[in-house]
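Please work from the sequences and hints to get the whole structure.
So the sequence lines, in the order shown, correspond to chains W and B.
For the first sequence, the residue numbers in this note's numbering are 1 to 178.
For the second sequence, the residue numbers in this note's numbering are 1 to 463.
The list that follows gives simulated cross-link-like pairs (lysine-lysine, DSS-like), each with its CA atoms no further than 25 Å apart:
#1 W/K139 <-> B/K148
#2 W/K139 <-> B/K143
#3 W/K157 <-> W/K129
#4 W/K18 <-> B/K453
FYI, nobody ran anything at the bench for these hints, they're computed from the structure.
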Amino acid sequence: MKKENNSKTSLSIRLLKKTLFNVVAACVACGLVWLCYRYVPTYAWVYNSNLTMHFKTARMNRKVPADQIRAGKLGFSFQYLSLIRDNTPEHAVIWMPGEKAYFPEGEKSPFDRQILSKMYRLRVLYPRKIVDAEEIGNKYANEITHVAIINGHGVEKLSYPLDIDEPYALCSVKEPEK
Amino acid sequence: MMITLGLLTTFFVGFSVLNFISFRYSVLEKLGLSFLLGIGVQTLLMLLMDLLGIRLSVSNILVDSLLLALGLNLKMYFRRKEVWSALKKVRFTFPKGLNLVWLLFIVLIICLEYMNWTKCMFFPTFDRDSLASFDTIGWIISKEQTLKGLSIFQGDYMPHIHQAGSSITYIPMIQLSYAYVYALGMETSKVIPALIYLSFLISFYAASRRFCGDTGAALATFFVLITPEMIAFSSLSGTNVIHAVYASLGVIYTVLWLKEDKRSDFALAILLMALNVWTRNEGIIFIGASFAVIFFFKQNSICWKDLILYGSLSILPFVFWGVFMKINGIYAENIVIFKPFYDGEKIQTIWLAFRGLLSGTSYYGLSFVAFAIAVVANALFLFKVKRKDMLALVAITLLSLLFYMVILYHIDYKWDNIANVLSYSAKRFLFCFIPLVWLYTMSNHLVSTFLRKLEGWLSFKGI
Numbered sequence: 001m002k003k004e005n006n007s008k009t010s011l012s013i014r015l016l017k018k019t020l021f022n023v024v025a026a027c028v029a030c031g032l033v034w035l036c037y038r039y040v041p042t043y044a045w046v047y048n049s050n051l052t053m054h055f056k057t058a059r060m061n062r063k064v065p066a067d068q069i070r071a072g073k074l075g076f077s078f079q080y081l082s083l084i085r086d087n088t089p090e091h092a093v094i095w096m097p098g099e100k101a102y103f104p105e106g107e108k109s110p111f112d113r114q115i116l117s118k119m120y121r122l123r124v125l126y127p128r129k130i131v132d133a134e135e136i137g138n139k140y141a142n143e144i145t146h147v148a149i150i151n152g153h154g155v156e157k158l159s160y161p162l163d164i165d166e167p168y169a170l171c172s173v174k175e176p177e178k
Numbered sequence: 001m002m003i004t005l006g007l008l009t010t011f012f013v014g015f016s017v018l019n020f021i022s023f024r025y026s027v028l029e030k031l032g033l034s035f036l037l038g039i040g041v042q043t044l045l046m047l048l049m050d051l052l053g054i055r056l057s058v059s060n061i062l063v064d065s066l067l068l069a070l071g072l073n074l075k076m077y078f079r080r081k082e083v084w085s086a087l088k089k090v091r092f093t094f095p096k097g098l099n100l101v102w103l104l105f106i107v108l109i110i111c112l113e114y115m116n117w118t119k120c121m122f123f124p125t126f127d128r129d130s131l132a133s134f135d136t137i138g139w140i141i142s143k144e145q146t147l148k149g150l151s152i153f154q155g156d157y158m159p160h161i162h163q164a165g166s167s168i169t170y171i172p173m174i175q176l177s178y179a180y181v182y183a184l185g186m187e188t189s190k191v192i193p194a195l196i197y198l199s200f201l202i203s204f205y206a207a208s209r210r211f212c213g214d215t216g217a218a219l220a221t222f223f224v225l226i227t228p229e230m231i232a233f234s235s236l237s238g239t240n241v242i243h244a245v246y247a248s249l250g251v252i253y254t255v256l257w258l259k260e261d262k263r264s265d266f267a268l269a270i271l272l273m274a275l276n277v278w279t280r281n282e283g284i285i286f287i288g289a290s291f292a293v294i295f296f297f298k299q300n301s302i303c304w305k306d307l308i309l310y311g312s313l314s315i316l317p318f319v320f321w322g323v324f325m326k327i328n329g330i331y332a333e334n335i336v337i338f339k340p341f342y343d344g345e346k347i348q349t350i351w352l353a354f355r356g357l358l359s360g361t362s363y364y365g366l367s368f369v370a371f372a373i374a375v376v377a378n379a380l381f382l383f384k385v386k387r388k389d390m391l392a393l394v395a396i397t398l399l400s401l402l403f404y405m406v407i408l409y410h411i412d413y414k415w416d417n418i419a420n421v422l423s424y425s426a427k428r429f430l431f432c433f434i435p436l437v438w439l440y441t442m443s444n445h446l447v448s449t450f451l452r453k454l455e456g457w458l459s460f461k462g463i
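Below is the structure:
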């Protein structure tokens with residue numbers, strides 16, 4: 001009986017010792033993590049900006065449609081392309097102007113440089129075809145159905161005269177029936 | 001429903017591949033590696049289907065994938081008695097050295113990865129590289145159900161498609177994987193990078209355990225996870241983190257084979273190396289570095305058949321893509337300089353760029369700093385103690401780094417200047433080394449001795 005009691009006490013002491021070692025080791029490990037967070041700025045950035053901030057945004061906006069999130073992330077360029085997509089049929093062949101139209105000299109542009117990538121524009125506009133201003137040899141150059149007019153560039157592609165004050169317009173190549 | 005079915009099929013294909021190699025992998029290895037192997041093998045199958053003129057519709061892909069999986073499981077069926085008796089002995093057990101330190105890091109990994117996953121799945125693809133290539137190509141493949149006949153690969157529609165640096169010649173694993181999920185009906189392709197990164201963390205932990213025990217593996221996985229630039233890119237849609245996953249696991253299983261001499265690790269290493277080069281062309285440097293190290297380590301007991309198998313099978317996807325491009329007229333202006341030349345300024349630019357990347361903490365946190373300290377502190381043990389696996393790991397890491405610098409030197413930068421390429425692309429390629437450096441940092445002689453003693457002090461087993 002005495003031997004059994006002694007062994008129970010010894011077991012309790014061993015268990016207590018192990019628990020204490022674990023708690024101390026875990027505190028040291030927490031300290032190590034805290035030191036990394038405190039003294040390596042990019043680790044703090046990972047937690048604060050990259051993870052926490054975006055996680056909160058994701059949780060608050062989980063029911064927002066993907067296109068709306070894209071518009072928020074990709075800005076004016078995406079919104080502009082979405083408008084073209086939503087106002088043209090899927091079989092449309094769209095003429096789009098060159099760099100100078102998007103980024104006129106001496107003026108601030110709401111577009112980002114990504115708009116110049118035809119692949120990027122196709123990601124939004126596909127299955128519509130795109131003919132860029134400088135693509136004279138494009139096999140769809142004679143099948144254009146719509147013209148994306150920016151800052152007056154593209155008016156000349158229309159088959160009818162058009163006076164336009166707006167910086168952006170999307171027009172059918174053939175004059176709409178009155 | 002279709003999305004769940006599709007992802008489960010991918011998982012099943014990978015699970016079947018792994019069991020075909022060996023059914024004795026641990027539960028965690030099977031959990032982690034199934035999706036990684038599944039998506040890699042499925043995309044290879046999709047390219048083969050396209051080559052044979054089979055439309056890449058979702059029904060064709062699913063049927064062919066399931067047929068492949070069933071074929072792979074025939075071996076298990078013929079050995080069913082042996083498999084069943086082995087599976088009956090499998091138990092999911094807690095780590096032998098279970099302790100609060102391990103638990104702390106596992107909880108941190110789960111919490112941080114949950115936040116990372118949520119972020120990845122919430123934001124649709126918005127990075128420039130993906131929208132200008134991978135994601136768009138994947139989207140259009142899912143619509144046109146072909147890669148070889150893609151409308152955007154025609155020069156008379158896309159005049160710049162055959163120019164230097166064009167995405168037409170990018171090896172298509174990522175594009176095909178995005179095409180697969182778009183065909184299943186997903187709005188964005190983000191489930192691919194999300195699942196690949198999650199699977200990688202599980203696989204890396206499972207593989208690291210075999211070097212440095214559970215606590216060391218938890219520490220290594222934690223520090224890999226919080227590597228700043230890598231965690232930021234893990235939730236984007238680019239190729240770099242996905243490539244780092246396959247390349248690093250390929251090297252790790254190669255080193256495991258050198259360590260434990262198991263045929264299953266040898267086969268898995270070949271497959272992961274093949275998927276590494278299937279993700280990005282320059283993954284060939286890891287095959288080259290591993291090949292050289294295997295030759296050096298096994299020179300006394302060399303099995304030429306193993307060496308030939310390793311070298312030839314792991315570059316098969318690279319060769320397959322080359323043949324596919326040739327047959328289907330897919331090409332771009334060559335950017336590789338094959339003849340030897342000397343350009344001192346270029347060498348210096350590359351060297352200085354790498355020195356800047358490796359010595360700072362801005363992009364990789366403490367990864368390379370910790371590695372450098374570990375290598376110096378263990379310099380004597382690398383050669384003295386019979387831990388040849390650690391010497392192999394360090395050798396492959398350093399040799400691959402050197403080979404990468406050589407590749408960068410032999411590129412003709414027609415589409416952009418070398419400074420831009422080094423500052424954007426090179427820093428992302430170094431992601432491949434992050435798991436390797438942390439694995440070495442936690443499993444070198446000094447740290448592994450300390451961790452073994454620590455687990456002994458902290459473990460409740462045998463009280």
